[in-house]
Amino acid sequence: MAKTKDLDMMSSSAKVKLGASDMIVRGFGYFITTFYALACIFPFLIILGSSFSSEKSFNANGVQLIPKEFSTQAYEMVIKGGLIWKSYILTILLTLIGTGIGLSIIAMTGYALQRKDFPFRNPISFYIYFTSLFSAGLAPYYLLMTQTYKLKDSYLAVLLPLLMSPWLIILMKNFVKSIPHEITESGKIDGAGDMKIFTALILPMLKPALATIGLFLALGYWNEWYQTSLFLSSRVDVKPLQYMLYETVNMTDALKNTVAGQYVVITDIPSNTVKMATAMLATGPIVLLYPFVQKYFISGITVGAVKG
Amino acid sequence: MKKKLLAILLAATMVLGLTACAKGGSAKKVDTKEHVKITYMFTGTKPEGAAMDKFQDMNKKLNEILTEKCNAELEFYWIGWTDYLTVYNSNIAEMNGNIDLIGTASDWLDAWPNAKKGGFLELSEDMLKTYAPKTWASVSKEHWDLCKYDGHIYLMPEDNYAQWTNHGYIYRNDWAKKAGLTNGVHSWEDMTTYFKYVTANKDALGIKIAWDSDGTHNVQMASGWVASHSKFVPIDGICTAALWGGTKDDLYKIVTPAYTDTQMMVDFAKMMKEWDQMGVWKTDVLNNTTSTNRDDYRVGLVAAEQHHTQTWTDLCSKSPSNTIYDDPNAESGFFYFGEETDNVVALSITHGAMAVSAASKHPERALMVYDLLRNDPECYKLINYGIEGVSYALDSNGMRITPEGYDSSTDNVGGATSWWWGRNDDLELKDATRNWTAIEDLYKRYDKIKIDYPYGQFIPDVEVNGVGSKIKNCNQVFGDYMKQIAYGKYTGSAEDIVKEMQAKLKEAGIEDVTAELQKQFDALYKK
Chain A
2 MAKTKDLDMM SSSAKVKLGA SDMIVRGFGY FITTFYALAC IFPFLIILGS SFSSEKSFNA
62 NGVQLIPKEF STQAYEMVIK GGLIWKSYIL TILLTLIGTG IGLSIIAMTG YALQRKDFPF
122 RNPISFYIYF TSLFSAGLAP YYLLMTQTYK LKDSYLAVLL PLLMSPWLII LMKNFVKSIP
182 HEITESGKID GAGDMKIFTA LILPMLKPAL ATIGLFLALG YWNEWYQTSL FLSSRVDVKP
242 LQYMLYETVN MTDALKNTVA GQYVVITDIP SNTVKMATAM LATGPIVLLY PFVQKYFISG
302 ITVGAVKG
Chain B
419 MKKKLLAILL AATMVLGLTA CAKGGSAKKV DTKEHVKITY MFTGTKPEGA AMDKFQDMNK
479 KLNEILTEKC NAELEFYWIG WTDYLTVYNS NIAEMNGNID LIGTASDWLD AWPNAKKGGF
539 LELSEDMLKT YAPKTWASVS KEHWDLCKYD GHIYLMPEDN YAQWTNHGYI YRNDWAKKAG
599 LTNGVHSWED MTTYFKYVTA NKDALGIKIA WDSDGTHNVQ MASGWVASHS KFVPIDGICT
659 AALWGGTKDD LYKIVTPAYT DTQMMVDFAK MMKEWDQMGV WKTDVLNNTT STNRDDYRVG
719 LVAAEQHHTQ TWTDLCSKSP SNTIYDDPNA ESGFFYFGEE TDNVVALSIT HGAMAVSAAS
779 KHPERALMVY DLLRNDPECY KLINYGIEGV SYALDSNGMR ITPEGYDSST DNVGGATSWW
839 WGRNDDLELK DATRNWTAIE DLYKRYDKIK IDYPYGQFIP DVEVNGVGSK IKNCNQVFGD
899 YMKQIAYGKY TGSAEDIVKE MQAKLKEAGI EDVTAELQKQ FDALYKK
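Taken in order, these protein sequences are the chains called A and B. Residue numbering for the first sequence follows the working numbering, beginning at 2 and increasing consecutively. Residue numbering for the second sequence follows the working numbering, beginning at 419 and increasing consecutively.
If you're looking for bench data, these hints aren't it; they were derived computationally from the structure. We put the beta carbon where it would ideally sit given N, CA and C, even for glycine. There may be inaccurate statements among the hints.
Said to hold, decoys possible - In silico EDC-like cross-links for lysine to aspartate or glutamate, where the CA-CA straight-line distance does not exceed 16 Å:
(1) B:K614 - B:D592
(2) B:K688 - B:E607
(3) B:K666 - B:E758
(4) A:K57 - A:E70
(5) B:K596 - B:D621
(6) B:K595 - B:E607
(7) A:K57 - B:D714
(8) A:K151 - B:E512
(9) A:K153 - B:E512
(10) A:K87 - A:D238
(11) B:K559 - B:E543
(12) A:K57 - B:D713
Stated by the list, open to error - From the derived model, a few chain A residues whose C-beta atoms are all more than 12 Å from chain B:
(13) I48
(14) S55
(15) P68
(16) A113
(17) I125
(18) L172
(19) D191
(20) D195
(21) I203
(22) A212
(23) T249
(24) M281
Modelling step: build the complete structure from the supplied sequences, incorporating the hints.
Structure below.
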């Protein structure tokens with residue numbers, strides 16, 4: 002209640018003070034922001050427009066905001082393969098499961114690492130930090146995953162490596178640090194166990210952190226193509242969405258320029274409009290995630306304020 | 419005594435042969451009792467949906483033949499184009515015995531490093547003779563020698579397939595005639611005449627610019643100029659600028675004409691300045707990232723394209739995408755770099771080659787399958803083109819056409835198999851849409867003057883004496899200066915800029931690199 006009152010006061014006092022110079026500054030600000038926003042969305046709209054253009058018109062006239070010859074052929078081409086829906090479902094599942102599991106273990110790790118009564122917390126922190134400094138390189142990693150863990154052609158090879166990253170753990174640890182130790186103590190005094198303290202007291206206060214890190218994780222899973230390229234061979238039919246998109250683009254580049262350009266007839270190469278349509282489909286749902294988690298970003302700013 | 423011995427040997431072989439025959443089959447009958455699956459790993463994109471169904475139809479048919487002929491079936495194992503080299507090398511290093519045949523290349527797929535590391539099986543002459551007899555017989559001794567590392571054969575080369583990747587300019591011959599070049603363009607000077615005409619008549623010809631270069635042809639143009647003005651034979655794969663190489667007179671003495679022949683480079687700089695002032699390319703050519711020159715050429719929006727012969731064979735042919743040929747007079751010529759000096763080097767025969775995985779459980783059968791795929795007409799057509807009547811058809815001249823109802827997005831089986839490691843001109847079905855009169859004419863000229871690429875086995879060791887970083891530096895310096903020189907964008911005189919470049923190359927250590935490479939060359943070739 003107090004919060005809203007503060008906000009009201011702030012906005013009303015601003016209204017009173019709004020003079021001519023403020024109007025200019027504000028107008029200018031709005032103008033710049035709008036312009037910048039338009040500039041950001043413009044390429045996206047061009048892709049959207051071009052994806053609905055016919056291939057012929059695209060080649061003759063280049064990219065178009067409003068297609069001169071409207072056609073849904075590109076989308077039909079992309080969807081005709083049928084695999085894209087399965088890829089969609091796979092990517093969504095990976096994102097949901099990965100983010101869910103990842104968030105919970107990162108939150109628990111972060112919380113445990115900042116508890117002062119947690120033994121060996123410094124060596125363990127250092128151990129986690131250390132892995133971000135040194136890595137064994139690609140070949141050992143590949144052999145570890147394929148020969149020791151036998152994860153070749155398994156979706157786990159995509160899911161597991163992205164679950165935790167040192168920097169997300171450190172980020173979470175610092176978030177949790179901002180929650181006063183007294184809260185944990187008060188829970189203890191009331192007789193709550195560690196799990197209870199974590200789920201009932203700490204987690205609700207971590208919402209902004211969960212949203213931030215969850216978004217990082219979700220984006221990581223949504224955009225994942227690298228582990229896929231390494232560990233999911235052609236024996237796996239359904240691949241994550243971004244890999245499919247990336248492969249389309251890479252195939253075009255590889256065939257056209259570098260490797261085997263001389264072998265390939267032009268009709269073998271996916272057409273430009275198909276690339277646009279694929280890009281549209283691949284961006285799709287993840288865009289909707291941003292507004293959903295946005296409010297937590299804003300409330301994240303005030304999370305430090307603890308009142309008695 | 420000798421005669422007697424010979425007679426005994428002869429008799430022995432006959433007896434052996436007879437017993438073998440009694441078991442049914444040729445002298446060295448191979449045990450094919452067990453049905454095996456041979457996995458063929460290669461770079462390419464796995465088809466999906468309806469295209470996959472068509473592909474499987476072909477695969478099924480192919481497997482029937484393979485089962486009948488050598489009791490094996492073929493499994494395709496695609497390495498997608500995303501980060502392909504890493505994934506490719508990782509899969510070879512895995513050595514789990516799941517892969518048998520490996521499509522490889524010495525210039526773009528790390529064939530030699532993998533042979534060195536033990537990823538590929540050493541193919542003994544005996545093995546090749548026994549299990550891949552047709553391939554063994556069709557490849558000459560000289561070519562087998564080019565497939566050896568440390569004295570052992572590791573690769574089976576695609577050496578009977580004409581593909582020319584020497585660069586040059588693709589231009590409109592009909593316009594060249596109007597420019598007074600009745601015989602076409604055959605030198606850089608002719609090219610100047612041609613560009614003079616098309617830039618002056620831009621609007622009348624309906625082009626937006628003579629050549630919408632994206633500013634990345636700098637090094638290629640410089641190499642082209644060098645090829646046309648010297649007997650230089652560059653070593654591929656050391657750096658993009660191909661600064662080092664031998665000469666046709668002395669293949670194994672390393673030189674860098676672009677560094678040592680000042681006058682040649684000054685002439686180049688001057689001519690390119692002229693082109694720039696004529697307006698051959700856009701004024702902001704060096705920042706021109708949106709060029710679609712090749713597609714523009716197809717529809718007549720530009721007058722030239724710089725790429726290799728194989729691209730020209732596409733651009734010179736009447737096809738649905740090449741709308742310029744709606745005009746019956748339209749004609750595309752090719753001025754190849756080195757035409758003035760007859761300096762043409764064929765593509766390395768190991769640009770496409772097949773290897774057998776060292777971990778393969780059935781290397782013998784893998785060789786048998788390869789021999790069939792490469793030499794058996796039925797298998798060859800299936801893996802290259804698909805099923806007749808579905809993926810391709812033949813016209814009355816025996817040329818390959820697309821059958822009725824053909825849909826390139828699903829029926830193009832050849833696009834999914836990437837059979838680039840054993841194509842065979844004896845079995846190729848010519849694409850009827852190609853302009854074969856023009857193409858064969860050029861190929862014949864090439865065959866007369868070409869030399870085989872001599873350095874296919876040379877893997878420079880760049881770890882020693884910091885040679886690697888010096889090569890990178892030289893490449894960088896040369897590329898940077900060529901951006902200015904090859905697009906005529908330098909200030910001051912041509913002499914000055916060339917002198918400056920030479921000084922910078924010297925600073926970057928070009929002479930040290932030459933000396934080191936020469937040392938490695940001598941070690942390899944002066945045995």
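So, going through the hints one by one against the coordinates:
1. B:K614 - B:D592: holds, 15 Å
2. B:K688 - B:E607: Within the cut-off at roughly 12 Å; holds.
3. B:K666 - B:E758: Given that 16 Å is the threshold and the Cα spacing comes to 15 Å, the pair holds.
4. A:K57 - A:E70: Within the cut-off at roughly 9 Å; holds.
5. B:K596 - B:D621: Given pair K596 (chain B), D621 (chain B) holds - Cα atoms ~15 Å apart, limit 16 Å.
6. B:K595 - B:E607: OK: K595 (chain B) and E607 (chain B) at ~15 Å, within 16 Å.
7. A:K57 - B:D714: At roughly 12 Å apart (the allowed maximum being 16 Å), D714 (chain B) and K57 (chain A) satisfy the hint.
8. A:K151 - B:E512: holds, 11 Å
9. A:K153 - B:E512: holds, 10 Å
10. A:K87 - A:D238: Holds: K87 (chain A) and D238 (chain A) sit about 10 Å apart, inside 16 Å.
11. B:K559 - B:E543: holds, 11 Å
12. A:K57 - B:D713: Given that 16 Å is the threshold and the Cα spacing comes to 11 Å, the pair holds.
13. I48: holds, 15 Å
14. S55: Given a closest Cβ separation of 14 Å, the condition holds.
15. P68: At roughly 18 Å from the nearest Cβ of chain B, P68 (chain A) sits farther out than 12 Å, so the non-interface label holds.
16. A113: holds, 36 Å
17. I125: holds, 32 Å
18. L172: Label holds. Min Cβ-Cβ 28 Å, cutoff 12 Å.
19. D191: holds, 54 Å
20. D195: It holds; D195 (chain A) is separated from chain B by about 43 Å at its closest Cβ, greater than 12 Å.
21. I203: Given that every Cβ of chain B is farther than 12 Å from that of I203 (chain A), nearest at about 40 Å, it holds.
22. A212: holds, 31 Å
23. T249: violated, 8 Å
24. M281: Non-interface label on M281 (chain A) holds, nearest chain B Cβ at 19 Å vs cutoff 12 Å.
In summary, the structure is inconsistent with hint 23 from the numbered list given earlier, while agreeing with all the others.
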